[in-house]
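> So the chains spell out like this:
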Amino acid sequence: MAGQRLAAFAKYKAIGRKGGMMKTEDRYLLVVVGFIIGWITLMGMGVLG
Amino acid sequence: MSGTTWVYIMLGIYIVYCFYWGLRGYFTEKTSSGYAIAGRSIPFFAFLLASTAASFSGWTFVSHPGAIYLSGLAYAFASFYVLTIPITGAFFGKRTWLMGKRYGFVTPGDMYAYYYNNEAVRFLVVATAFLYATFYSALQLTAAGALFHYVTGLPAAFGAIFMGFIVWFYICTGGLKASTWVGVIQFILLVSGIVILGAYVLHHFGGWSDFAAQMAMLEARYLEVPAIINFTVGQRAWTGVMILSYMFALMGIQSSPAFTMWTFGIKDPKPLAWQHVFMSTFIVGFALFFFTAFQGMGAIMLQKTGILEFASDRDVVPILMKNFLPPFMLGVVFIGAIAAMHSTAAPYIGTGGSILLRDIWWRYVRKQQCGDAEQIWVNRLFATIITIAALWVGLTSTAVLVMLGGLATAFGFVMYVLLSGTLWGLRWPSIGSVLGVLAGMVAVFITYRVYPEPLTIHCAAWGTGVGLLVAYACRFLGFRDSEETTQRQQEVRAWLDRVDAPSESGKKWRKAMKVLVPLWYLFAIGPACIIGNKAFSFAGFPPLWSWQLVWWILGIIMMWALCFKAEMSTTNEEQIRQANTDTMIVVKET
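Residue numbers (the numbering used here), protein chains in the order written: chain C, 200 to 248; chain H, 21 to 610.
Hints are computed from structural coordinates only; laboratory data are not their basis. For every residue, glycine included, the Cβ atom is placed at its ideal position computed from N, Cα and C. Any given hint might turn out to be false.
Stated by the list, open to error - Derived DSS-like pairs: lysine-lysine, alpha-carbon spacing no greater than 30 Å straight-line:
1. C/Lys-222 - H/Lys-554
2. H/Lys-342 - H/Lys-324
3. H/Lys-50 - C/Lys-222
4. H/Lys-290 - H/Lys-554
5. C/Lys-222 - H/Lys-608
6. H/Lys-342 - H/Lys-554
7. H/Lys-287 - H/Lys-554
8. H/Lys-531 - H/Lys-585
9. C/Lys-222 - H/Lys-528
10. C/Lys-222 - H/Lys-527
11. H/Lys-528 - H/Lys-290
12. H/Lys-290 - H/Lys-50
13. H/Lys-554 - H/Lys-324
14. C/Lys-222 - H/Lys-324
15. H/Lys-387 - H/Lys-585
16. H/Lys-527 - H/Lys-585
17. H/Lys-290 - C/Lys-222
18. H/Lys-287 - H/Lys-387
Stated by the list, open to error - Here chain C is said to cover these stretches of chain H; the calculated rule only asks that three of the stretch's residues, wherever they fall, bring their Cβ under 8 Å from a Cβ of chain C:
19. 150 to 162
20. 435 to 444
21. 522 to 533
22. 591 to 602
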């Protein structure tokens, strides 16, 4: 069981390194959500005056 | 140079662009379907931008900030239509395109009449399309005329006719393809205009910190949802259920006959998911949740401090433009507003003309016996009639116009009865579809005009609710369809279920979305949004604005899950191949 988990984790890490699992729309979603949160944070920090 | 000079320069450049696409279409589109639905060849990029621009009319640009000025943040929930308008596309867009490809439908009337084996449905859709196109376009053109008057000082009637002429010219010459390519630039102008005006308003206050500090001192009525529901008739209040049902009305925009016809025109469904999630919910959402709100909330504070005086909510945007924008920016924002109005009027006038041509002239007057040239010219004639009718209504019946313009989107939402039956197989007999739509329209009118908004529920929700009730009642009362109709519907269902079957992963996502989407509706824009009055606050935003921002971000994630992961709007090469080859054309084009 633990071996299987380890193998799955290793596979996940390998995929993560290659970036193969994320589709274009998934990457766009992360960028969009990150942008909005960043924008609100900057507003809170007073960057927009 | 003065602001007015820049307005004329920008208008000149814009007219050249519009006329270029119109004349290009005039010399290249030689078939009826080429003119009416762009030969089913609208490309990814063009549909992505143009359909987004068409969804958010001049009303978004001019009236939305004005309505926030009147009612405060409770009304700002309307910005969630960046999600609720395209969610209709997520439900129906892909299957509409598949149906058009397989059966050769040109108009929505073709599709409903074939599926229900019933010509009465066709006439109901034609009536809806004509009224929708006339009154919704009338609203856009009169608003354009009023803005023209504010900025240039020329009479509003002249402005409306001039703006009507521009839109009429490029529709009549170039057809749907011209309207779509002009829509591309209109989208960019629309979003830029909203952002620029909002930014200048914010700048006037000295930035966000000062803006937020002044906003915190406003009375609670501008910063809170007043109630979940009011047990009243005829008194509009932005209660939780009003916000929810008003969003239903706006869902009617993409279920209107015009949008159904536009979807027939796209080359393939690849742009749908991207339009719904990123162009509409994110980009337009970003403009509305921040910059439109800056305009509306800013106007409240400017009025209270005596800096500006707004005679009515309609004055908000023009007065902000004239007072805060430097000359060049005035030109840009003015064209943004005009583009917003044209981007909506154009597809409605264009598809309205095509629907009248195909469903009345070609089918009944000419008995399906006329060639491409005649169809194109009669189509132009009908588009001209709708433009003239829109201008006439707009310039002569302002009071009635406001009422009928408001009815348009509610009538569009009633089309859910036909779309959900045809595309998703909700079962009621053919007579149920006719009586359902009729009853829905009557219910919309009664709850708009005779007993307005009972229980603070918008007429769109009453209309579609009654429509579905009547349609199902016909089924349970024992009405039965003919053998031919039943077989026809079984064939459509079998084909759609085969060609549009979700993957195993898609099925799991769909199961989850059946719970998550209603939950989102309940908390983001439904009765539970009242929790947002005092729930939490961040970065200087009042609690209700913070609530809206959080649920907007969650809404983007929900739309991504619905459109991409649940495969409601995605397609693949095999599906497109099947749609292109597995055809069973039931509608002649010439």
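> Are the hints correct? Go through all of them and say.
Results for each hint:
1. C/Lys-222 - H/Lys-554: Violated, because 38 Å separates the two Cα atoms, which is more than 30 Å.
2. H/Lys-342 - H/Lys-324: It holds: about 19 Å lies between the C-alpha atoms, which stays within 30 Å.
3. H/Lys-50 - C/Lys-222: 40 Å, violated
4. H/Lys-290 - H/Lys-554: Roughly 41 Å between the alpha carbons, so the hint for H/Lys-290 and H/Lys-554 is violated.
5. C/Lys-222 - H/Lys-608: This hinted pair is violated, its Cα atoms lying about 41 Å apart.
6. H/Lys-342 - H/Lys-554: 36 Å, violated
7. H/Lys-287 - H/Lys-554: It is violated: about 48 Å lies between the C-alpha atoms, which goes past 30 Å.
8. H/Lys-531 - H/Lys-585: 11 Å, holds
9. C/Lys-222 - H/Lys-528: 18 Å, holds
10. C/Lys-222 - H/Lys-527: 19 Å, holds
11. H/Lys-528 - H/Lys-290: Given pair H/Lys-528, H/Lys-290 holds - Cα atoms ~22 Å apart, limit 30 Å.
12. H/Lys-290 - H/Lys-50: 26 Å, holds
13. H/Lys-554 - H/Lys-324: 24 Å, holds
14. C/Lys-222 - H/Lys-324: Violated - the C-alpha atoms of H/Lys-324 and C/Lys-222 are around 50 Å apart, more than 30 Å.
15. H/Lys-387 - H/Lys-585: 45 Å, violated
16. H/Lys-527 - H/Lys-585: 9 Å, holds
17. H/Lys-290 - C/Lys-222: The given pair, whose Cα atoms are some 15 Å apart, holds under the 30 Å limit.
18. H/Lys-287 - H/Lys-387: Answer holds: H/Lys-287 to H/Lys-387 is near 29 Å, not above 30 Å.
19. 150 to 162: With 0 residues in contact (Cβ-Cβ under 8 Å with chain C), the coverage given for the segment 150 to 162 of chain H is violated.
20. 435 to 444: With 0 residues close enough to chain C, the hint is violated.
21. 522 to 533: Since three or more residues must qualify, the claim that chain C covers the segment 522 to 533 of chain H is violated, with 0 doing so at under 8 Å.
22. 591 to 602: With 0 residues in contact (Cβ-Cβ under 8 Å with chain C), the coverage given for the segment 591 to 602 of chain H is violated.
In summary, the numbered hints that this structure violates are 1, 3, 4, 5, 6, 7, 14, 15, 19, 20, 21 and 22.
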